[in-house]
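Q: Protein chains in written order, with the numbering used here: chain A, -5 to 350; chain B, 794 to 1269.
Rather than coming from a laboratory, the hints here were simulated on the basis of the structure.
Just to be clear, a hint being listed does not mean it is correct.
[Stated by the list, open to error] With a Cα cut of at most 27 Å, we get these calculated DSS-like pairs of lysine-lysine:
(1) K1070(B) - K212(A)
(2) K114(A) - K1070(B)
(3) K936(B) - K1171(B)
(4) K114(A) - K1269(B)
(5) K857(B) - K1164(B)
[Said to hold, decoys possible] Covered by chain B, according to a simulated footprint, are these stretches of chain A (three or more residues, beta-carbon under 8 Å):
(6) 100 to 107
(7) 187 to 193
(8) 294 to 304
Backbone N, C-alpha and C fix where the C-beta goes; we use that ideal spot for every residue, glycine too.
Listed here are the chains, written in short residue letters.
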Amino acid sequence: MQLMSTIQSAKTAPALLKLSADNWRFAVLVGLVVSALAVVTLPASGSFWVVGAISALVAAAFAVNAYRRRYYGGLLVAPAIAVLFVMNIFPLLWSLGLSFFAYQSNLQSIRFVGLNNYIKVLTDEVAAPGNWNALINTAMFAVCTVSAQMIVGFLLAMLFAKQFPLRKYLLILVLTPMMLSVVASGVFFTYYYDPTFGILSYVINSVAGGQFIVMDSKAGAVAGIVFADAWMWSPFVMLLVLAGLVSVPKYLYEAAAIDRVSAWRRFWSITFPYIRGLLMLALLFRTIEAFKLADLVIVLTKGGNDTMTISYHLIRIANEQNKTSEGAAISYIILFIVIVLTNLYLYVANPKNREA
Amino acid sequence: MTLTREINRIVMAAGLAASLVLGATFAFAGEVTLTMAVPDWPPTRIMKKFFDEQYKPKSGNTVKLQVDFIPWPDFYTRVNASLTSGERKYNFIVSDSQWLGAFVEGGYFRKINDLLNADPEFMKTFKDIHPNALNSYSTYPHKSENYYGFPQFPDVLVNFARKDIICHEAEQKNFMAKFNQKLPCTGEELDAMTWDDFKNVGEFFRRKKGEMLAGKPAEDDFYGIAFQAGKSYDFSSMQINGFIWQMGGDIWDETQAPTSKAEGVVNSPAAVKALEKYLSLIAYMPPLAKTGTMDIFKSDELFRQGKVAMSVNWIGLAEASLDPKTSRVSDNLVFGMMPGTKGADGKLVRWSNIGGQPFVLTTWTTDAQIKEAVEFVKWWLSSNIQHQFAAAGGQSAIKSVYSDPKYVTYRPWNRAWAPSLDWQKDVWHVPQFFELLTQQQDQYDLAITGRQDAKTTQDNIAKFQQRLLKEVGLIK
């Protein structure tokens, strides 16, 4: 009974407004109020240190609370959580906070503007057209590159699921583009597409006799980027699908053969259920990556011929033009879009959960 | 035990004495390190080489020049990141002239008027810099008497040409038959070229593989002309500005802020006509120009590969075209001034956008470093070193140096240097420089790739500039 009462008393949380070393709720409350006041009233460098000190205070309150309540497991993982907080969560929260300020990194000037950055990047007559155009281009690239990668990757996986001579060596060759740096691949493709030096133009010139310039129109430039991106990342899709294909038990195919099931039915009833999850995973990963498409565009077109993507546009705004907070606002809009898309994918991918 | 303690005391006392003596010695002849961010190319490599081989500080200190050579495509990004992150790594930065506004306003670049005023000899050298270079590389606000930079490598656009092609007898004869004028062949004839003449060269030298070119079947498709028409950084703007100024148009004039306007100036009929002229020449350039990726490095590469008869490019890139290891046309080169436009009086108008870079001091540089930095700059701008720099492939904006008769003998393009300096202007130096530039580059790309006409392009640029500059108070 005594032990039970000790445990019960140990688990009782301190009152919200009680000043004690282990009252993390109180620390969080004070931290939020002081941080908000510091951010609004102090210069950026001052508020940075105040918010830092408050974070340390909250962390200390958590630690003392855990120690007093004998949550030793929690204390043991605390260093890992601290690293995660410093390296990941804090920058994320910091950049989110920054998106509510007008901050230009080269001028080091900062003032609170609330949701104005979000409104500006979406509706302002000067800033918004470029952002919308880049967003629409990104959506177009996402559809084109992901479709191309899914189709090519799937077909390659179907091919490599079978045994044939030199399969092992060809597989290594097909996987190689994925391991190259994007810049190296991009530079390779600039020469590949070059109308003066490029092999593609040379071959078409020799066969058709006319001059061929791949990148001189938007359609050509988009096709050039999509081809290069698909060349690099179709092997990734292939790898995932191949993992699903080789996991299908052989006896299912043997039973289907005895029952003389058609190839199409065999695919839908046996193969597809095994690879559907992996296909969705590949689709998810590649869509998220497509929203970050910038490096290949920079190398191949510099965003020319109306191929500016939102990530490249973001680099220009946040890095070249030093409009850090506007850049942060755009980043969070992209993050929101990606989260919505991810949930949509998961909704489509899990019909069973939906039914439940 | 006592003996050990005594020995320890003696050793400690000796150590203290030695460190005091050594400390005094170091204080007397200290070591000063100047850290510099520079683009990685010959003009900065030559500077470092000269420093290592020749520089002896007058102070008696040991002065080290630690140079970060950064590739051109990453240069702005790296410098910008270093400055805005507050790492305070560099004492000296080779800055593009247009960056002055953004980084002076941010408090990174140090004003140098006090250093110049304190040293009349230094001021005398400084005032000997050509006024166009001085205004572009040093002043903020533009053309004011607030000075920030010293010329590291001044640059202008010149016309590179292949003698083996343009001076060939059969080509000369055919060109005369077609255009009823002589095909320019010497440096002086290149100097006299207008953009119409340049267009004729472009039209004349479009040859398919196998067609006759200078008495031989062409090994590959060949083109007459090339100039910068690239979307990234400032590549098309640097060329188009020249057309606009030469044909009587203008860009928004920051020296008249806040009374000057962008709308009505940037999209004036003269400016639209100038862009139309620029776009009309792209048809005669290598097909890469139609993709909007003809930057200065691509046009230089095409010229060195022997695919083009004439190319307008910066002097800073010319050295590689003389080197047989990097150029297939190294033996047959002639250089002239960039083409001009005939004015109402029949004389050539030659306005062009200045290239080149100043180096600037950063605001956190210590007094000891500033003292050594000033000595280094005085040494760099001294007549002897400037002559050596020009002889090694660089340029000098110091009047007494470039007007010396032997200056033109250093490199084949030097004869075009001094006359070009009088015709140099610069783009805006305001903190919003990159916003203005990137939007303008985007619009020019639409025009270059044939998806927008010149009028719409200039109208869009003017509208954007008017709105932005009004928002920041630079236009009323």
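Q: Does each hint fit the structure? Answer for all of them.
A: Do the hints match the structure? See the list:
no.	hint	verdict
1	K1070(B) - K212(A)	24 Å, holds
2	K114(A) - K1070(B)	37 Å, violated
3	K936(B) - K1171(B)	22 Å, holds
4	K114(A) - K1269(B)	22 Å, holds
5	K857(B) - K1164(B)	13 Å, holds
6	100 to 107	holds (count 3)
7	187 to 193	holds (count 4)
8	294 to 304	holds (count 7)
The structure is inconsistent with hint 2 alone, although it conforms to all the rest.
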